[in-house]
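Novice: The lines below spell out each chain.
There are 2 protein chains.
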Amino acid sequence: MQISLNSVTVKEKWGLPELIEGCARHGIPGISPWRDVLGAMGVERAAKQIRDAGLTVTGLCRGGMFPAHDQAGRDAAIEDNRRAIAEAHAIGAKCLVVLGGGLPPGSKDLPGAREMLREGLAKILPDARAAGVTIALEPLHPMTCADRSVLSTLGQALDLCDEFGAGMGIALDVYHVWWDPQLATLIQRAGPRIAAFHVCDWKVPTTDTVFDRGIPGEGCIDIPAIRRMVEAQGYDSFAEVEILSRHWWQQDPEAVLPLLKERHATAV
Amino acid sequence: MQISLNSVTVKEKWGLPELIEGCARHGIPGISPWRDVLGAMGVERAAKQIRDAGLTVTGLCRGGMFPAHDQAGRDAAIEDNRRAIAEAHAIGAKCLVVLGGGLPPGSKDLPGAREMLREGLAKILPDARAAGVTIALEPLHPMTCADRSVLSTLGQALDLCDEFGAGMGIALDVYHVWWDPQLATLIQRAGPRIAAFHVCDWKVPTTDTVFDRGIPGEGCIDIPAIRRMVEAQGYDSFAEVEILSRHWWQQDPEAVLPLLKERHATAV
Numbered sequence: 001m002q003i004s005l006n007s008v009t010v011k012e013k014w015g016l017p018e019l020i021e022g023c024a025r026h027g028i029p030g031i032s033p034w035r036d037v038l039g040a041m042g043v044e045r046a047a048k049q050i051r052d053a054g055l056t057v058t059g060l061c062r063g064g065m066f067p068a069h070d071q072a073g074r075d076a077a078i079e080d081n082r083r084a085i086a087e088a089h090a091i092g093a094k095c096l097v098v099l100g101g102g103l104p105p106g107s108k109d110l111p112g113a114r115e116m117l118r119e120g121l122a123k124i125l126p127d128a129r130a131a132g133v134t135i136a137l138e139p140l141h142p143m144t145c146a147d148r149s150v151l152s153t154l155g156q157a158l159d160l161c162d163e164f165g166a167g168m169g170i171a172l173d174v175y176h177v178w179w180d181p182q183l184a185t186l187i188q189r190a191g192p193r194i195a196a197f198h199v200c201d202w203k204v205p206t207t208d209t210v211f212d213r214g215i216p217g218e219g220c221i222d223i224p225a226i227r228r229m230v231e232a233q234g235y236d237s238f239a240e241v242e243i244l245s246r247h248w249w250q251q252d253p254e255a256v257l258p259l260l261k262e263r264h265a266t267a268v
Numbered sequence: 001m002q003i004s005l006n007s008v009t010v011k012e013k014w015g016l017p018e019l020i021e022g023c024a025r026h027g028i029p030g031i032s033p034w035r036d037v038l039g040a041m042g043v044e045r046a047a048k049q050i051r052d053a054g055l056t057v058t059g060l061c062r063g064g065m066f067p068a069h070d071q072a073g074r075d076a077a078i079e080d081n082r083r084a085i086a087e088a089h090a091i092g093a094k095c096l097v098v099l100g101g102g103l104p105p106g107s108k109d110l111p112g113a114r115e116m117l118r119e120g121l122a123k124i125l126p127d128a129r130a131a132g133v134t135i136a137l138e139p140l141h142p143m144t145c146a147d148r149s150v151l152s153t154l155g156q157a158l159d160l161c162d163e164f165g166a167g168m169g170i171a172l173d174v175y176h177v178w179w180d181p182q183l184a185t186l187i188q189r190a191g192p193r194i195a196a197f198h199v200c201d202w203k204v205p206t207t208d209t210v211f212d213r214g215i216p217g218e219g220c221i222d223i224p225a226i227r228r229m230v231e232a233q234g235y236d237s238f239a240e241v242e243i244l245s246r247h248w249w250q251q252d253p254e255a256v257l258p259l260l261k262e263r264h265a266t267a268v
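Chains as they are written, first to last, in UniProt numbering: chain E, 1 to 268; chain H, 1 to 268.
Be a bit skeptical, because a hint or two may be false.
[Stated by the list, open to error] From the structure, some residues in chain H lie toward chain E, with a derived Cβ separation under 8 Å: (1) D109; (2) S152; (3) G155; (4) W179.
[Claimed, not checked] Selected chain H positions facing chain E (in silico; Cβ < 8 Å): (5) M1; (6) L103; (7) K108; (8) P142; (9) C145; (10) A146; (11) T153; (12) P181; (13) W202; (14) P205; (15) C220; (16) D222.
Derived by calculation from the structure, the hints in this document are not laboratory data.
Note that the Cβ used here is the ideal one computed from N, Cα and C, for glycine as well.
Model the full structure from these sequences, guided by the hints.
Specialist: What follows is the structure, encoded as structure tokens:
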């Protein structure tokens, strides 16, 4: 696998122009922007600069986030996802990474929120298919179920893939799935539907449910074992490094990028 | 269901003698000690005082914690579990709550740690059967997989119950399982093997992976919906309140116990 760098990994230090230039200069062949930095740079300009730099866009982060208290909120999310699909198409992204979204604030209706996710996917899938953009469902760790993702397991994501068929895939992040007792079986079940493979590490102890990820090798996840499972399903493109970390965000990307390249070679 | 109080809920303010007296005085008919407070009071003395107060012991917390780097560590855990079984028998506990334990420090071998859990259970089950003590496997939230529990899902616990048969059951804590997309199916599968039902709540946001639980009604878990699923399987004894919370530990138990009784009536 080649290495790809997700923009959130250096979000405190670099915008997208710096990230594109930095990846090219450091010999990192893949890139995956979040929509905030893409919007700040401008989609057309970013598309051209990424092309000129010869980088592969391994994904656009992120669509989804469908649950909302009222129909207007859900409709707004669907419209926003349509814009995300257009952006993913414009920059030639391999997929649009789609998150479940959390419970609407104050809600305790988890089955209801999951149904809103399902309905949202049904609404945007025709647009994604028309644009040739794969919807890559990314289950997030169950500790984010309340406020970020009612899509909690690889099994749940695959059930949605089974239901909706063509145009749907999986974004598999080791951080979110490493604990799953069914992991090996579920990766086999995913098969060719693995559209993206994300790496980082689980620190021991972990002091924040969102912003305390480690770089590969810093924690307790057997990343190479999971990579081998993914490769056994025929996935052989990129391992995308996505680190949400208050610690790593403070470091100089000129030092972080070489370190991530080294960890890609030794710990992924 | 009746209410039971787990000793950890008031651990900063009360030892076991105060808890027994306080539960009896506040009309809380169930109690569940951790082994630290039980040991501090003395097993015989505690057993007598609990009996005299007319309280039901809904569980003893906790056994398990089998994974260790070397055989001596694993043997020590098994011996400790045998003592725990004897203590559970001595106080007439409905079950011994058994946790998975985390990865041995520095280890990345999650399948290996899970196998150590399996081997540990095989070793202690004859003792538990002989003592008439149910081993209640409690899956913990996946966010504790690294340092507390490689037993991560209800499905994984039920697989172990299926394998080992008589003498094994489940301790189902809403905090640990509420996010599971398979929850309804798994509770049906558990059936009469539900040996304990624990309640607390998931706060939004949650600021600590262990010590930030809410009291029932304080968070986003639809506790009554899960209670109904559990009752549909014939479980009708106690809902045990187990709160690990730096906030609630600072409060006066004389105020906390009435509040928990009220929440038991309105939010469980």
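Novice: Report holds or violated for the interface hint on K108(H), using the least CB-CB distance to chain E and a cut-off of 8 Å.
Specialist: Since chain E brings a Cβ to about 4 Å from K108(H), closer than 8 Å, the hint holds.
Novice: Would the stated hint for W202(H) survive a check requiring a Cβ distance to chain E of less than 8 Å?
Specialist: 6 Å, holds
Novice: Does the interface hint hold: is D222(H) within less than 8 Å of chain E, judged Cβ to Cβ?
Specialist: At about 4 Å, which falls below the 8 Å cut-off, the nearest Cβ of chain E leaves the hint on D222(H) intact, so it holds.
Novice: P181(H) was flagged as interface toward chain E. Is the shortest Cβ-Cβ separation under 8 Å?
Specialist: Holds, because the Cβ-Cβ distance from P181(H) to chain E comes to roughly 4 Å (cut-off 8 Å).
Novice: Holds or violated: is the Cβ of S152(H) closer than 8 Å to a Cβ in chain E?
Specialist: Holds, about 5 Å.
Novice: Any CB of chain E closer than 8 Å to the CB of T153(H)?
Specialist: This interface hint holds because 6 Å falls under the 8 Å limit.
Novice: Quick check on M1(H) please, does its C-beta sit within 8 Å of some C-beta on chain E?
Specialist: With Cβ-Cβ at 19 Å, over 8 Å, it is violated.
Novice: Can G155(H) be said to touch chain E, with a Cβ gap under 8 Å?
Specialist: Constraint on G155(H) satisfied, holds at 7 Å.
Novice: Taking the least C-beta to C-beta distance, is L103(H) closer than 8 Å to chain E?
Specialist: 6 Å, holds
Novice: Closer than 8 Å between Cβ atoms is the bar; does P142(H) clear it against chain E? Give me holds or violated.
Specialist: Status holds, d = 4 Å.
Novice: Close enough to count: is the Cβ of W179(H) nearer than 8 Å to one in chain E?
Specialist: 4 Å, holds
Novice: Just to be careful: measuring from the Cβ of D109(H) to every Cβ in chain E, is the smallest value less than 8 Å?
Specialist: 7 Å, holds
Checked against the numbered hints above, the structure breaks only hint 5 and satisfies the rest.
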